[in-house]
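Given chain A, work out where chain B should sit, using these hints.
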Amino acid sequence: QKEVEQDPGPLSVPEGAIVSLNCTYSNSAFQYFMWYRQYSRKGPELLMYTYSSGNKEDGRFTAQVDKSSKYISLFIRDSQPSDSATYLCAMSESGGYQKVTFGTGTKLQVIP
Amino acid sequence: DAGITQSPRYKITETGRQVTLMCHQTWSHSYMFWYRQDLGHGLRLIYYSAAADITDKGEVPDGYVVSRSKTENFPLTLESATRSQTSVYFCASSSSGGGYTFGSGTRLTVV
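If you're matching them up, the sequences are chains A and B in order.
Residue numbers for the first sequence follow this note's numbering, beginning at 1 and rising by one.
Residue numbers for the second sequence follow this note's numbering, beginning at 1 and rising by one.
No lab work stands behind these hints: they were computed from the structure.
Values in this document were obtained by computation on a predicted structure and should not be read as measured data.
One thing to keep in mind: the hints can contain errors.
In silico contact screen, one side only, chain A against chain B (beta carbon under 8 Å); selected entries [unchecked claim]:
no., residue
1, Met34
2, Lys42
3, Gly43
4, Pro44
5, Glu45
6, Leu46
7, Tyr49
8, Val100
9, Phe102
10, Gly103
11, Thr104
12, Gly105
Restricting the straight-line Cα-Cα distance to at most 35 Å, the calculated cross-link-like pairs of lysine-lysine (DSBU-like) are [said to hold, decoys possible]:
no., chain 1, residue 1, chain 2, residue 2
13, A, Lys2, B, Lys11
14, A, Lys2, A, Lys67
15, A, Lys56, A, Lys42
16, A, Lys70, B, Lys57
17, A, Lys42, B, Lys70
18, A, Lys42, A, Lys67
19, B, Lys57, A, Lys107
20, A, Lys99, B, Lys70
21, A, Lys56, A, Lys107
22, B, Lys11, A, Lys99
23, A, Lys42, A, Lys107
24, A, Lys56, A, Lys99
25, B, Lys57, A, Lys2
26, A, Lys70, A, Lys107
27, A, Lys42, A, Lys2
28, B, Lys57, A, Lys99
29, A, Lys2, A, Lys107
30, B, Lys11, A, Lys42
31, A, Lys67, A, Lys107
32, A, Lys67, A, Lys99
33, A, Lys70, A, Lys56
34, B, Lys57, A, Lys67
35, A, Lys70, A, Lys2
36, A, Lys2, A, Lys56
37, A, Lys70, A, Lys42
38, B, Lys57, A, Lys56
39, A, Lys107, B, Lys11
40, A, Lys70, A, Lys99
Backbone N, C-alpha and C fix where the C-beta goes; we use that ideal spot for every residue, glycine too.
Isolated chain A, as found in the complex (with noise of 0.2 Å):
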């Protein structure tokens, strides 16, 4: 069983849905939690970085951590066609230096 469970997806919603990615995981030492979003044939780049549980919003981008389900998601209101891409979660154990545990992405399409 992998550290880092991610549905690949593909997930096609229409223009204007809220989308919803998830990841689960099985080391409770996690502690610090991560989003990246991937176009196609670029690097991975930084949406939400969490620490423990609880929720983070920036803009249309809400992070939602509940370590008692060791759960966590991203949610997308209002998805335009440009949000279509990959969704990385990704997570560590401490701040600082830390070795960083990737899903292995959800690709999402949306639709005009």
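Frame of chain A; chain B shown alone:
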């Protein structure tokens, strides 16, 4: 230009040849990383470096060599390329925390 740059963007090499992928960052980040990305495996850490002259193995180091004589450069060398090393390679950097910044990647094909 500020940022993290990788070169070349695309490379085709033959089995058994040595090839070096370059990575340069302009922020003076302490930490630098090399990942490979393959379908079904996601991002896997090859090597990382905490500072100049300090490097350590990641999850899949076999067949790769790194060096870091200067903070800003972190080259990755495939000593004798194999077809299984066909992949997309990403370099990343980080300060003491806050996530990674990735380069645009090098798409390597070993024939």
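Tested hints:
With a cut of 8 Å, the hint placing A/Met34 at the interface with chain B holds, because the nearest CB-to-CB distance is about 5 Å. With a least beta-carbon distance of about 6 Å to chain B, the hint placing A/Lys42 at the interface is held under the 8 Å criterion. For the restraint placing A/Gly43 at the interface with chain B, the shortest Cβ-Cβ distance is roughly 3 Å, inside the 8 Å limit, so the hint holds. Proximity of A/Pro44 to chain B holds as hinted, the smallest CB-CB distance being about 5 Å (cut-off 8 Å).
Hint on A/Glu45 holds. Least Cβ distance to chain B is approximately 7 Å, under the 8 Å limit. Proximity of A/Leu46 to chain B holds as hinted, the smallest CB-CB distance being about 4 Å (cut-off 8 Å). A hinted interface residue such as A/Tyr49 counts as satisfied when its beta carbon comes closer than 8 Å to some beta carbon of chain B; here the least separation is about 5 Å, so the hint holds. Proximity of A/Val100 to chain B holds as hinted, the smallest CB-CB distance being about 7 Å (cut-off 8 Å).
Interface restraint check: A/Phe102 against chain B, minimum CB-CB distance 4 Å, threshold 8 Å, status holds. Hint status for A/Gly103 relative to chain B: holds, with the closest Cβ pair at about 6 Å, below 8 Å. A least Cβ separation of about 4 Å between A/Thr104 and chain B falls short of the 8 Å threshold, and the interface hint therefore holds. Satisfaction of the interface hint for A/Gly105 is found here, the shortest Cβ-Cβ separation to chain B being roughly 6 Å, below the 8 Å cut-off.
Annotation: proposed proximity of A/Lys2 to B/Lys11 holds, straight-line Cα distance about 31 Å (limit 35 Å). Between A/Lys2 and A/Lys67, the direct Cα distance comes to roughly 17 Å. Compliance with the 35 Å bound is thereby established for this hinted pair. Our distance criterion of 35 Å between C-alpha atoms is met by A/Lys56 and A/Lys42, whose separation comes to about 25 Å. Simply put, A/Lys70 and B/Lys57 have alpha-carbon atoms about 28 Å apart, close enough for the 35 Å limit, and the pair holds.
Between A/Lys42 and B/Lys70 the CA atoms are separated by roughly 26 Å; this keeps the pair inside 35 Å, and the hint holds. For a cut-off of 35 Å, the pair hint linking A/Lys42 to A/Lys67 stands: about 31 Å separates their Cα positions. For the given pair, B/Lys57 sits about 29 Å from A/Lys107 by alpha-carbon distance, which is consistent with the 35 Å threshold. The straight-line distance between the Cα atoms of A/Lys99 and B/Lys70 is roughly 22 Å, inside the 35 Å bound, and the hint therefore holds.
Taking the CA atoms of A/Lys56 and A/Lys107, the gap is near 22 Å; set against the 35 Å cutoff, the hint holds. Proximity of B/Lys11 to A/Lys99 is assessed by CA-CA distance (about 28 Å); at most 35 Å being required, the pair is judged to hold. About 14 Å separates the Cα atoms of A/Lys42 and A/Lys107, which keeps this hinted pair within 35 Å; it holds. Taking the CA atoms of A/Lys56 and A/Lys99, the gap is near 22 Å; set against the 35 Å cutoff, the hint holds.
Between B/Lys57 and A/Lys2 the alpha-carbon distance is near 20 Å, which keeps this suggested pair within the 35 Å criterion. Simply put, A/Lys70 and A/Lys107 have alpha-carbon atoms about 22 Å apart, close enough for the 35 Å limit, and the pair holds. At roughly 25 Å between alpha-carbon atoms, A/Lys42 and A/Lys2 fall within 35 Å of each other, so this suggested pair holds. Pair hint B/Lys57 plus A/Lys99 holds up; C-alpha atoms about 11 Å apart against a cutoff of 35 Å.
For the hint pairing A/Lys2 with A/Lys107, the CA-to-CA distance comes to about 19 Å; that is within 35 Å, so the pair holds. For the hint pairing B/Lys11 with A/Lys42, the CA-to-CA distance comes to about 16 Å; that is within 35 Å, so the pair holds. For the given pair, A/Lys67 sits about 24 Å from A/Lys107 by alpha-carbon distance, which is consistent with the 35 Å threshold. Only pairs whose Cα atoms come within 35 Å are accepted, and A/Lys67 paired with A/Lys99 is accepted, the gap being roughly 19 Å.
Between A/Lys70 and A/Lys56 the CA atoms are separated by roughly 17 Å; this keeps the pair inside 35 Å, and the hint holds. Taking the CA atoms of B/Lys57 and A/Lys67, the gap is near 29 Å; set against the 35 Å cutoff, the hint holds. With a C-alpha separation of about 13 Å, the suggested pairing of A/Lys70 with A/Lys2 holds against the 35 Å cut-off. The suggested pairing of A/Lys2 with A/Lys56 holds, with an alpha-carbon distance near 26 Å, which does not exceed 35 Å.
For the hint linking A/Lys70 to A/Lys42, the alpha-carbon distance of about 29 Å falls within 35 Å, and the restraint holds. The hinted pair formed by B/Lys57 and A/Lys56 meets the criterion: a straight-line CA distance of about 33 Å does not exceed 35 Å. Among the hinted pairs, A/Lys107 with B/Lys11 is consistent with the structure: their alpha-carbon atoms are about 26 Å apart, no more than 35 Å. Restraint check for A/Lys70 and A/Lys99: satisfied, since their Cα atoms lie roughly 18 Å apart, inside the 35 Å limit.
The structure shown violates none of the earlier numbered hints.
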